[in-house]
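A.B. asks: Use the sequences and the hints to build the structure in full.
One-letter residues, chain by chain:
2 protein chains.
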Amino acid sequence: MLRSLFKTTILATAVIVTSTSAFAADKVYRLKLAESWGPNFPVFGDAVKNMVKMADEMSDGRLKIRVDSANKHKAPFGVFDMVKIGQYDIGHSASYYYNGKVPNTLYFTTMPFGMTASEQYAWFQYGGGQELMDEVYGKHNLVAFPGGNTGVQMGGWFRKEINSVEDLQNLKMRIPGFAGEVLAKLGATPVNIPPGELYTSLERNTIDALEWVGPSLDLRMGFHKIAPYYYMGWHEPATELMFIVNKKKLATLPADLQAILKVAMHKASYDMYIQSYASSAENWDTMTSEFPDIQVKTFPPEVLSAIKKANDEILSEKASKDPLAAKIIKSQQDYLKLVRVWTDISEYGYIKSTKALTE
Amino acid sequence: MLRSLFKTTILATAVIVTSTSAFAADKVYRLKLAESWGPNFPVFGDAVKNMVKMADEMSDGRLKIRVDSANKHKAPFGVFDMVKIGQYDIGHSASYYYNGKVPNTLYFTTMPFGMTASEQYAWFQYGGGQELMDEVYGKHNLVAFPGGNTGVQMGGWFRKEINSVEDLQNLKMRIPGFAGEVLAKLGATPVNIPPGELYTSLERNTIDALEWVGPSLDLRMGFHKIAPYYYMGWHEPATELMFIVNKKKLATLPADLQAILKVAMHKASYDMYIQSYASSAENWDTMTSEFPDIQVKTFPPEVLSAIKKANDEILSEKASKDPLAAKIIKSQQDYLKLVRVWTDISEYGYIKSTKALTE
Chain A
32 MLRSLFKTTI LATAVIVTST SAFAADKVYR LKLAESWGPN FPVFGDAVKN MVKMADEMSD
92 GRLKIRVDSA NKHKAPFGVF DMVKIGQYDI GHSASYYYNG KVPNTLYFTT MPFGMTASEQ
152 YAWFQYGGGQ ELMDEVYGKH NLVAFPGGNT GVQMGGWFRK EINSVEDLQN LKMRIPGFAG
212 EVLAKLGATP VNIPPGELYT SLERNTIDAL EWVGPSLDLR MGFHKIAPYY YMGWHEPATE
272 LMFIVNKKKL ATLPADLQAI LKVAMHKASY DMYIQSYASS AENWDTMTSE FPDIQVKTFP
332 PEVLSAIKKA NDEILSEKAS KDPLAAKIIK SQQDYLKLVR VWTDISEYGY IKSTKALTE
Chain B
32 MLRSLFKTTI LATAVIVTST SAFAADKVYR LKLAESWGPN FPVFGDAVKN MVKMADEMSD
92 GRLKIRVDSA NKHKAPFGVF DMVKIGQYDI GHSASYYYNG KVPNTLYFTT MPFGMTASEQ
152 YAWFQYGGGQ ELMDEVYGKH NLVAFPGGNT GVQMGGWFRK EINSVEDLQN LKMRIPGFAG
212 EVLAKLGATP VNIPPGELYT SLERNTIDAL EWVGPSLDLR MGFHKIAPYY YMGWHEPATE
272 LMFIVNKKKL ATLPADLQAI LKVAMHKASY DMYIQSYASS AENWDTMTSE FPDIQVKTFP
332 PEVLSAIKKA NDEILSEKAS KDPLAAKIIK SQQDYLKLVR VWTDISEYGY IKSTKALTE
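Sequences listed follow chains A and B, in order.
Following my numbering, the numbering of the first sequence begins with 32 at its first residue and continues without gaps.
Following my numbering, the numbering of the second sequence begins with 32 at its first residue and continues without gaps.
Everything labelled a hint here was simulated from the structure, so no lab data went into it.
A portion of the hints provided could be inaccurate.
No distinction is drawn between identical chains; accordingly, a pair holds when it is met within one copy or between any pair of copies.
[Unchecked claim] In silico DSS-like cross-links for lysine-lysine, where the CA-CA straight-line distance does not exceed 27 Å:
(1) K386 x K368
(2) K349 x K63
(3) K216 x K383
(4) K191 x K278
(5) K103 x K368
(6) K383 x K361
(7) K386 x K349
(8) K328 x K279
(9) K80 x K339
(10) K293 x K84
(11) K84 x K58
(12) K216 x K386
(13) K115 x K203
(14) K386 x K340
(15) K386 x K361
(16) K328 x K280
(17) K191 x K361
(18) K58 x K293
(19) K95 x K58
(20) K278 x K103
C.D. replies: This is the structure we're talking about:
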């Protein structure tokens, strides 16, 4: 009888424990994430899935993140606002998409003639980049983090060859961010178009050219069927996506889940860089064998030189108008100067000096 | 009365919950880690500290890792064995330190004329590298993971200039791994020496030259005071340290703590690469201004060519003697061939094509 009573008590306690702990250590925190991409979007969407899976596993299911793709929330370029007002808790997007709308978001994705991925990660973590991003996003109740790097992006798909600066006149091209502004100064018409509408826009002549990413993503978009000239990159040497988090919402998470979320986002960003690298290498190999009609081109030196001149002029204008912009631009230029010397000695120098021996 | 009884039950339950959870979700798991480095060793040791801190924070203190440095366990090159037999649960070391003792550990750190850091991470994750490492380490009750990359290492500090292949004859040099074997074929005498004894060995003429890492770590070692010729690298383009974990011990952790440990190790490895990059850039800048007597050199092309020939011959010998070695070497060479084409188009091509415009 005593034993039976004991048994009953244990069982009753077990039930109570489960229900009580739901309010303490085992409480499940549910966050909503809006991404700028369509569902199952390769590489970019994989970074989000990777982050969500790590957060779930590391928290033993206490941190659940629901992902809404662009087809659900209908606002691929509204991610910033939706997270700012708390409609979503987290966003996955690109900082430069909000250029023109939110001051100084432009500088945290990639800059023409700027840093490569490793150089830029070093700037974010050791060169003051993250602190500057905090300054820009903090004003909007947001905290932003690197969200995955594509590596050097290709210069884009063109219907016609670009042989001179004149060929850029009246060229309608999908090219977001600062690079778009630079080409506008040389007479082109840059536009931004949501990823899902790119192919149709090129097909229907709404645009004459576009840049998207590179071999990791471009081939499945089919651009090569309508625009055979594939130019090497100058404008996005290290395109870093971003995770943005609603600051107030982040503060409501227990410290361990905040740590889990931050580490998961950070690791997912590095992972995407490596995935992009591997995928680009594989797809470049596929491309050169399966689509021999694609013509890989470099812009002529005088075109690149004119672009660089326009680039520097616009940077000076921006710096003169906005002290925070001036601070960010100086930080990036100073860091590039410091770090590129090392890149030249190390990875660039190594590949250069062993090139003849390894080909 | 009913209300009062209800209150009492709640209180009693609360006490039971606290005491029960101490035996379940809140159990603290304590692991011991042995590192090959001395205490507070920069960069390498920082990777370990970074990993331990992430694991602690993400687990809310449920995963505690005690770190023993080489001065404590007295076996900088015994880390493999100590983790294998379970004397330690985790190790932080370099796979190639166990070359000659444990078959095929040689290939998972870096290879002369091999992949750069991004290329090698891509190989680990998408080119079969991790699976091959699992095959090698699984035989020893161990699982190994990337543990932090130094980037391209410098070719080393030399007392005298190397102007010809003859200058390598009888050269006593601290250079571990495969590179040591290659130089031995050309008449040099490679040795491995624990990090803490390097300076004294060079000072006392026990060795004529040494390679350590690069500007991120070399300057504080003081080598430049006794060996002024600093050669650019060929032999370690992407030195990746490793975390090794005792397989049985890993399996005793709950799934969430296993996930936390793996993510923390993986993120710490990427983080170390970025820290090395930033630190190398900063120290290179310091070096060129504060130590103008250091002479930065490249090996003459005929020396590099002879080294490459010796390199390829030894690789062929190794492949012919051991089927697993042959499989690993082929995997690395095939992947390098695939991925370097993309590096040439992307990061190398970008820096090359914009070089004149950014200097």
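A.B. asks: Would you mind marking each hint as holding or not holding in the structure?
C.D. replies: Hints, one by one, checked against the model:
no.	hint	in the structure
1	K386 x K368	both (25 Å within a copy, 12 Å between copies)
2	K349 x K63	neither (35 Å within a copy, 53 Å between copies)
3	K216 x K383	between (35 Å within a copy, 25 Å between copies)
4	K191 x K278	neither (47 Å within a copy, 58 Å between copies)
5	K103 x K368	neither (43 Å within a copy, 42 Å between copies)
6	K383 x K361	between (30 Å within a copy, 23 Å between copies)
7	K386 x K349	between (40 Å within a copy, 24 Å between copies)
8	K328 x K279	neither (48 Å within a copy, 54 Å between copies)
9	K80 x K339	neither (37 Å within a copy, 43 Å between copies)
10	K293 x K84	both (13 Å within a copy, 13 Å between copies)
11	K84 x K58	both (18 Å within a copy, 24 Å between copies)
12	K216 x K386	between (38 Å within a copy, 23 Å between copies)
13	K115 x K203	neither (32 Å within a copy, 62 Å between copies)
14	K386 x K340	between (31 Å within a copy, 14 Å between copies)
15	K386 x K361	between (34 Å within a copy, 20 Å between copies)
16	K328 x K280	neither (47 Å within a copy, 54 Å between copies)
17	K191 x K361	neither (36 Å within a copy, 41 Å between copies)
18	K58 x K293	both (19 Å within a copy, 24 Å between copies)
19	K95 x K58	both (11 Å within a copy, 23 Å between copies)
20	K278 x K103	within (24 Å within a copy, 43 Å between copies)
Consistency with the previously given hints fails for numbers 2, 4, 5, 8, 9, 13, 16, 17, ordered from lowest to highest.
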